[in-house]
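Protein chains: 2
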Amino acid sequence: MRFNEELKRLKVYEAGKPIELVVREFGIEEKDVIKLASNENPYGCSKKAIEAVKKNVEKMNLYPDDSMYELKKKLSNRFLVDSKNIIIGAGSDQILEFATRAILNRDSKVLMSKITFAMYEIYALSQGAKILRSSCYRHDLDEFYDIYKKEKPDIIFICTPNNPTGDALDKKYLYKFLEKVKNCLVIVDGAYMEYTAYKDEKKRVEPKDLIENFENVLYLGTFSKAYGLGGMRVGYGIANQEIIKNLYKLRPPFNITTLSLKAATAALEDEEFVKSSVERNFIQMQRYVNFAIKKGLEYIDSYTNFITYIFPKEISSKEFSNMLLRRGVIVRDLTGYGLNAIRVTIGTKEQNSIFFEKFDEVLNEY
Amino acid sequence: MRFNEELKRLKVYEAGKPIELVVREFGIEEKDVIKLASNENPYGCSKKAIEAVKKNVEKMNLYPDDSMYELKKKLSNRFLVDSKNIIIGAGSDQILEFATRAILNRDSKVLMSKITFAMYEIYALSQGAKILRSSCYRHDLDEFYDIYKKEKPDIIFICTPNNPTGDALDKKYLYKFLEKVKNCLVIVDGAYMEYTAYKDEKKRVEPKDLIENFENVLYLGTFSKAYGLGGMRVGYGIANQEIIKNLYKLRPPFNITTLSLKAATAALEDEEFVKSSVERNFIQMQRYVNFAIKKGLEYIDSYTNFITYIFPKEISSKEFSNMLLRRGVIVRDLTGYGLNAIRVTIGTKEQNSIFFEKFDEVLNEY
Chain A
58 MRFNEELKRL
68 KVYEAGKPIE
78 LVVREFGIEE
88 KDVIKLASNE
98 NPYGCSKKAI
108 EAVKKNVEKM
118 NLYPDDSMYE
128 LKKKLSNRFL
138 VDSKNIIIGA
148 GSDQILEFAT
158 RAILNRDSKV
168 LMSKITFAMY
178 EIYALSQGAK
188 ILRSSCYRHD
198 LDEFYDIYKK
208 EKPDIIFICT
218 PNNPTGDALD
228 KKYLYKFLEK
238 VKNCLVIVDG
248 AYMEYTAYKD
258 EKKRVEPKDL
268 IENFENVLYL
278 GTFSKAYGLG
288 GMRVGYGIAN
298 QEIIKNLYKL
308 RPPFNITTLS
318 LKAATAALED
328 EEFVKSSVER
338 NFIQMQRYVN
348 FAIKKGLEYI
358 DSYTNFITYI
368 FPKEISSKEF
378 SNMLLRRGVI
388 VRDLTGYGLN
398 AIRVTIGTKE
408 QNSIFFEKFD
418 EVLNEY
Chain B
58 MRFNEELKRL
68 KVYEAGKPIE
78 LVVREFGIEE
88 KDVIKLASNE
98 NPYGCSKKAI
108 EAVKKNVEKM
118 NLYPDDSMYE
128 LKKKLSNRFL
138 VDSKNIIIGA
148 GSDQILEFAT
158 RAILNRDSKV
168 LMSKITFAMY
178 EIYALSQGAK
188 ILRSSCYRHD
198 LDEFYDIYKK
208 EKPDIIFICT
218 PNNPTGDALD
228 KKYLYKFLEK
238 VKNCLVIVDG
248 AYMEYTAYKD
258 EKKRVEPKDL
268 IENFENVLYL
278 GTFSKAYGLG
288 GMRVGYGIAN
298 QEIIKNLYKL
308 RPPFNITTLS
318 LKAATAALED
328 EEFVKSSVER
338 NFIQMQRYVN
348 FAIKKGLEYI
358 DSYTNFITYI
368 FPKEISSKEF
378 SNMLLRRGVI
388 VRDLTGYGLN
398 AIRVTIGTKE
408 QNSIFFEKFD
418 EVLNEY
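Protein chains in written order, with the numbering used here: chain A, 58 to 423; chain B, 58 to 423.
FYI, nobody ran anything at the bench for these hints, they're computed from the structure.
There's no promise every hint is true.
[To be verified] No more than 25 angstroms apart at the CA atoms, straight line, and that leaves these computed lysine to any residue pairs for SDA-like: (1) A/K166 to B/N162; (2) A/K88 to B/R383; (3) B/K352 to B/R383; (4) B/K415 to B/G393; (5) A/K68 to B/N162; (6) B/K302 to A/E115; (7) A/K406 to A/G395; (8) A/K68 to B/E328; (9) A/K207 to B/R59; (10) A/K88 to B/K130; (11) A/K415 to A/N162; (12) B/K237 to B/D197; (13) B/K131 to A/G84; (14) A/K415 to A/F339; (15) A/K130 to B/D197; (16) B/K141 to A/E62; (17) B/K375 to B/G385; (18) B/K130 to B/E328; (19) A/K352 to A/K406.
As the structure is a prediction and not an experimental result, all values here were calculated from the model.
Produce the complete structure using the sequences and hints provided.
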């Protein structure tokens, strides 16, 4: 028995530590643990989604409608695209998996920003592709274009707003780049787009407009963030039908659960929840900005539901986040991404107050 | 943009028609549709699983514990294997996907029975592998061995009991084969094993015993059938740690939902539900056997929660199942598998009575 060569190069994605683990490892009570590590929606999800799940909980024995007719119809109405332009995944992650498996092989190359969502690399490596990266954590699309011309990558990943840094691209700047890039799939990952669109209209990217203008672009969205359904694993891809048809070939049957399907479908009937989550997010975000300024900490202006604090050399982000962890506050250390920084999910008012308090404690002790 | 060659050969898996679709297409009321097409547990699932979901429904915003600590611990106790011998998938399907992607490439071959679970072929083709099949729908392991010696496949799929036919292998016969097969991964798919083990102790395959004896075997089990959680997408693979470690490299983070994790974990605390489901299944199964005998219909002796009726030439299983469909009874036509037969999930007493009634109606009209 021999495993494929690609596996040797594969890293395992490091997820945010779950609350259960902190409870187990540090003996802290569950109610005293604050997780600001996975960009989950701190306001939960729509009551309509909760009702839909409760109503269907006795149907867990039944497979979901694998055509996902209702969900696709609702998404189609929401984004003004045809259902045939939509594919549903177990999180937008799974659409990334379909796309990389559909296109990449051992002779392929992919291009992404220096610091961006870790799964791009993992999926590309699992297909044996070569990874090319720009030199800056921000998406410098001029540099992207230079590399594109020279290296001819098969997929370009554009994460806007970018995770784990939080910065976002102007739509005009993105479009100027897309107009020049014809011979590869461009994945525009808008997992946090609801936040960006609220904060700055100039940075809003609409999938309808995108796919009408560019036949080689796949837009990704998710129910995990602004819709508050991270635990239910539902995301979507929007692209021209030719792309969708090919991705569909790699979609396993029943790729989202019966309850996920019901929850996501119901969540689309409650845009009010999304709006309120996003509004509250930016009110709380301001506190994080103020706190950073007060402490003289460098931060990245964020268009998402998280903020990145960059530490001075004297403070190790790894050690700092471990010290927070022992106090029951889980944040994401970005050392693995090559940044001496932490990424903090903007929580509820109460959670954020505790974060500031514990941060101060650690700072004093450091 | 160019898609991988493999996609051209890929078929899309045809799932059992969902109730929603029959409601939409034929205007039949939901309460009048009986789905006996996807081998779902007609008795629902454990009340403990339902309670666990209700209790956690407000946590849909939170990602699951990606270590799946509790679930693996419970499975480890249930099967008397180490947690490190276990991997969890979104259905056992996903473990098939990991295994095929970990091992197969364009130079690979796989071996399976002439008629068996359709996803084996689909996953193998998506990796570009060549498909070898034995000539009989039953697993003739002597023929398997001849092909193994000659063709040196990289993966052998053994589905016991076999889906969609329902027959199962004697453990001794299987072990005799496994002892001779050393240089490839053998996947023993026991998705319906709870049913088989109840009906015939000689056909029971225990993962602990299996992996202690054979280091190249991967056993698959699922919560979708006897545990009644088909809609929640949870399955597991059990194998030696080397295999599990490699499969883990292809597991995407958060591959089952927060509620699926809670439901499956709770379901393992209620073996009584499984036992009662299986017992009732075989009481009802006897009615299907009697019915077939009375009608002079050929059937395959089944070790699962479904039964296969093979039709005489004069009756087209495709047409017959369409006629049932228009009466609100969904069964699985096996024409696509090369059998003029239908596969019928053993339902509840009431569902089965309606099935027999509608079957008679169609027979009279045919």
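Results for each hint:
no.	hint	in the structure
1	A/K166 to B/N162	holds, 18 angstroms
2	A/K88 to B/R383	violated, 53 angstroms
3	B/K352 to B/R383	holds, 22 angstroms
4	B/K415 to B/G393	holds, 23 angstroms
5	A/K68 to B/N162	holds, 20 angstroms
6	B/K302 to A/E115	violated, 35 angstroms
7	A/K406 to A/G395	violated, 30 angstroms
8	A/K68 to B/E328	violated, 37 angstroms
9	A/K207 to B/R59	holds, 18 angstroms
10	A/K88 to B/K130	holds, 23 angstroms
11	A/K415 to A/N162	violated, 47 angstroms
12	B/K237 to B/D197	holds, 15 angstroms
13	B/K131 to A/G84	holds, 21 angstroms
14	A/K415 to A/F339	holds, 21 angstroms
15	A/K130 to B/D197	violated, 47 angstroms
16	B/K141 to A/E62	holds, 23 angstroms
17	B/K375 to B/G385	holds, 15 angstroms
18	B/K130 to B/E328	holds, 16 angstroms
19	A/K352 to A/K406	holds, 19 angstroms
In the structure shown, a violation is registered for the earlier hints numbered 2, 6, 7, 8, 11 and 15, in ascending order.
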